[in-house]
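Peer 1: The residues making up each chain are set out below.
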Amino acid sequence: MPASAVPTAEGTDDTAAPSRWVIWALALAGLAAGAYSASIDAAVDPTGEQAEADVGEPLVIAVLFAWLTVSYVLCGLIAWWYRPASRFGPLMIVVGFGIFSAGLTRTTSDVLFTIGHVVDLLPPVLFAHLFLAFPTGRLQSGRLRALLAVAYLAAIGLDLVRMMLGGLGPHNLLEVVAAPDAARVVLRAQLVAISVTCLGALVVLVLRRRSAGPPLRRTLTALIASFAIGLVMIAVLLVSVALGAPAIAQIRWATFATLGVAPVAFLIGLLNDRLARSSVAELVLELQGDPAPPDVRDALGRALRDPSLELAYWLPDFGRYVDIEGRPVELERPGPDAVRATTLIDRDGAHVAALLHDPALKDEPELLGSVAAAAGIALENGRLHAELRARLDELRGSRARIVEAGQRERKRLERDLHDGAQQRLVALLLELKLLEEGLQGDPAARARLDQARREVATSLDELRDVARGLHPAVVSGHGLEVALEQLAARAPVPVRLSVELGGRLPELLEVATFYLVAESLANIGKHAAASSATIEVARVDGRVTVEVVDDGIGGADTERGSGLRGLADRVEALDGRLRVWSPSGGGTRLRAELPCGS
Amino acid sequence: MRVVIAEDSVLLREGLERLLGEHGLDVVGSCQTAQDLLRLVRNGPPDVAIVDIRLPPTHSDEGMRAALEIRARYPDVGVLVLSQYVELGLAMQLLAESTEGAGYLLKDRISDVHDFVAAVRRVATGGSAIDPIIVSTLLSKRRADDPLSRLTPRERDVLELMAQGRSNQGVADRLVITVRAVEKYVSSIFDKLGLPTGGGESRRVLAVLLYLRS
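Protein sequences, first through last, are from chains U and A. Numbered continuously in numbering that gives the first Met the number 0, the first sequence closes out at residue 597. Numbered continuously in numbering that gives the first Met the number 0, the second sequence closes out at residue 213.
No lab work stands behind these hints, which were simulated from the structure alone. Take these hints with a grain of salt, some might be off.
Covered stretches of chain A (in silico footprint by chain U; criterion: 3 or more residues with CB under 8 Å from a CB of chain U, positions within the stretch not fixed) [stated by the list, open to error]:
#1 8-19
#2 86-94
#3 99-111
Ideal placement from N, C-alpha and C gives every residue a C-beta, glycine not left out.
Bound conformation, chain A alone (with noise of 0.2 Å):
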């Protein structure tokens, strides 16, 4: 599985390098700025590209607009967005057209390497990653007359497993629970919030959110 990187502190550039390397991931190239990852890119299209949205030389948006860029031009590239703050806007102008193949999680995540690793591999192989504190957000964000509040707290538990983007299979270990439960809380899930069942799992992954953003 090929990695490149684009993150302009030397130091978690290094413990990225390693950590991906320690848990069997190649990173075929790493760099600082936007252009140099857009040129890593086209040479040799990796897996998935890890970025860190802010980037020289202003620090604003560069990191952003290389990874739309890197979305729209490469689709079988994925994206992992790494970022200080989480910022619902930004996930969401990351996730607009779908979520395949496309990650935004907070810096600290990395320091859970597992999970951190298991997000890059789910990126990689067209997941998504989408983190926690966004789907809190839209979970915790307040609706007329909501449908939400009809979820069982274990419902509610799967769906923003589920919305941050994991597997049945991921969602099923997370709770200790079987696949076959995780699948029958998600077909009620979709059930009690109105939403047509059926796509692969990251698509749901995307009507899912729509839904709670909306």
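This is chain U alone, in the form it adopts within the complex (with noise of 0.2 Å):
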């Protein structure tokens, strides 16, 4: 992959702080709402519809519209302070604000009432647009996009059209024409719209939580996710007032307990980075343990609290990223709907690791810096050993490629040998015979003839010596088993065998097994001085098991004996192991295993 083509870091949209003068501003112009809020002197109308829509005392509703619009307002200030690149912190200005602008119905001022009932269904829609764009503060998807739209649209754009229809009392500057049983009407089709929209939201929330597969950054979302159950109360709630049932105090209560905390959630789950600073110095002390390279993942993913983290290195000789056991790793494209967040990590101009994350820690560049800096050096051992890695499966590749092509052409020369030389050799045979035969009266011709067929026997003996070392034309043709029992009758000490395969291997696995068991027993006749031996061979989940045991003297020298040697080499080519024991004294145990696929 030409490094032009890889995905790099999400950086570039880094907003500018918002200057200092203007949190200050906002910040006072937040607490202002709130006093005034508070202070609104709940001049309600005994008449009209805030009777119908009653939400609580009056004390009680001053005290919450303060407290909501200054909590949001300044967890806004600090989430845009602190993190200037998600517009989170904007978003929970705006919804400050809106909640503010909503409790204006409270006043008797004509604007501010006509204002405030402008947007007192406002709030519902900003809680569920807060939900959805958590945490990076834009909404994922056009469908939900599309969704909050027609909520809007429902909140304000209808509720324009029922002021007109009046029915608010005296202060309703929007009011027309006096038709409060059609402004009933649209306020019902309000409410039940929003609360669709509430339900709708957290119907999105659990799919997308579906299916971010394994749980990322677990406890912080679950705790903003637990908070979302308020949009189901809301809708409720909504659904209680349109259906004319009276409110059910408990889930009242509930609802707004449960926002009024939201923003400081919302605020905890956004700055959790602040939280994260003593983790990166935990991974740092962490690190300089020298930790072996597998567990580097599992420090960096503790430190960013991304159980899911996957590391990949850079391995500049393939052109391509691996994982630490030197596998090819292929790296997301950023995108909206990408489900992992990549993160290159270069030193120098060069690439080093890339780090495939959950993409909410996006928002969180800083910590990503930090992490991706302390882990610098172990990162580099990570390469070298993922480097390693996949140089020894490159090498065994070609290994096993070696000793197939090797195997081949073994069998193409035995074939030929079978086909040719020694055919015309065994007809050679019969055609000196038959000329012998021929010659009645000539002793001395027949003797040389006798004498030239005997020439011919010899080399026919020794090229089928030849062509049997070159490949055992029996264990391709019959198989495993019907070959082995040559062997084990040729045993120089007597042989248990015992063959449980199942059915025929690959060739490559039939021939290395014969192989084995033929050396093994040829060892056995030159240095064990054994009375006895056993040959098993078996199929155990997708490995074939080859054992010899003989009851001899023991000793054998895995390293100094090239037998035994060339034995381990020809198993660890088709990637299986070798391992045999000799104690002195207590007989020799020989056991393969070789992978065989199925």
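The task is to assemble the complex, starting from two chains supplied on their own in separate frames and drawing on the hints.
Peer 2: Structure below.
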């Protein structure tokens, strides 16, 4: 993969931090709005719609509006200050002022009352918007934008219609006709539409968490998600009002409490890298302990609080990213639907590694940055480790190919000898014999022909040995069990043979097993001074095990004995393992395990 | 005596045809593939089929499979398998059920013309022909507490020839002794190995082979 195609860390939309003055001005405005909201001495109209949409005692309402306004505005400001890249802070501020505006319905000023009524159903929609936009402040899909657009239309657009129909008392400046029944119908439509929006938002949140796969950054997202229950409560509350049923007090208070605490939860969720500072410090300590390369991923995952974190290392010679085992890793291209985000870690202009992580981490660039910086040397070690593994894999692959090519070539040679020279020599033997029989009267010539025949027979024997050494044709033609029987019968000691393969194996494996047994038996004859041996060949769980046990003197040396070394090479070339137990005086047990695919 | 031959080497096939013809056997068909062999046997079952163990197209086990099929479907047709290599396991596959009308020989044996023709005749008439290498492999097989060690050298010779499928007369000719003497040796051998006597000569071969193989 060319370097240019590698997705790079998103960081271009780093909006400049808001100016200090703006922050202070907004903070003061928020506080003033809160104070005003609390001070409105609920001049509630005893008549009209207020009685129907009864939401609580005036004092409680006043305090609640004040608290919501102040908490959303201030939390939004803090979020904006520390997370200028995220639009979530500004969104919270808007919500705070939106709630304040909705509270203006409680005033007696015509203008303020009218403004308040235009937006009085806005807060539930704003809450839904917040939940859906956490933590980036952006809505991730067109579907969501459409859902909210409908909700906003219902909240504000229909509100204007309703206000024209009157029924809100004397302060309504927009009243055109007095049709309170029609207004009530519109109100119900609004409440139902907004309830549906809230429930829709909840469904989206649940689906999103489902499709996120492994639990991402568990604790915080769970915390935020739990507040989404507020959306359900809003929906219940609004529907009960729309149906004219009495609002259930417990639900009402729980809704207020949930929505009141929510801004703090949002703020914690956004700013949790403040809390993460200590985890970076822990990471530095942990990495100083020089952890094994596979543990580096776990350490980084802990520091970033992303258990699903994956590490990929850049191998310049291979031109690709690999995991710690050297297996190629494809980096996902960034996009709105990307399940994983990618952060590249480069040093001195060269790729070192890539972090594949929860996209939510994109909102904590400092955390990512400091973790990446702290992991520098450890990542370099991991990269070397991965490179080694990749090279080993490559080597193993090429060794297997060489073995296979060698075997193919040997098989071809055996076949050529069998079909060519050997057949001709047999035919020649026969020809000589027939010739010899035809020469009735010449004993000298007959003797010379007989001599020639013996020479040919000897050549044939020698050729046969060569051909069999090249490739045991009986293995390919008739299978391992048939071939091993001859080996066992000709073994230097009595042999008990057991073959349980349940079918043929790949030829490479059959031939390797054949030679393994042949050489083991030859070794037993030469060194073991054994009185008997057992050979067991079996297939278990996708592996072929070959065990050759004798009761000889033991003490076989895997390193010095070139025979055993050769066997080990043969087994390892097929990605298998050979182990030898040979205690002095305790016999020799040789066990090979070879992967056989199925 | 009707013979069919399946051998893909032209030189060898023609040599065999000539050799058998000269010795009074009637080669009624010859072919290069297992398929053709099975067709020849189906069209007119011969007394014996001589089959190269490796036949086209893959030269792996086609010949052997054809031999086993003929053994199973035409019990009256003798089957003599020829091979460049002698494999105990293959011989035992061929002789697993019985040794009657079955043979397994190394190709070189062809040049020992008289012996070879005798082997072909034996197999054609329900006897057997087992390569000396198979027999010597079995005899050399090490056993714990080996009863074979109780045999005299002469008894061993007789056992070896008997196991190759030779008749008492054949053994007697080979060792230049009388048939009566061979019979005496045979009953002594069966005694020492604890094998039941009786049955025809070819049944006795299987008994000996199975004994040696165990």
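Peer 1: Determine for every hint whether it applies to the structure shown.
Peer 2: The hints, checked one at a time:
Beta-carbon proximity to chain U at under 8 Å applies to 7 residues in the stretch 8-19 of chain A; the threshold of 3 is reached and the given coverage holds. Closer than 8 Å: that is the beta-carbon criterion, and the stretch 86-94 of chain A has 6 residues meeting it against chain U, so the requirement of 3 holds. Residues of the stretch 99-111 of chain A lying with their CB closer than 8 Å to a CB of chain U number 5, which satisfies the three-residue condition for coverage.
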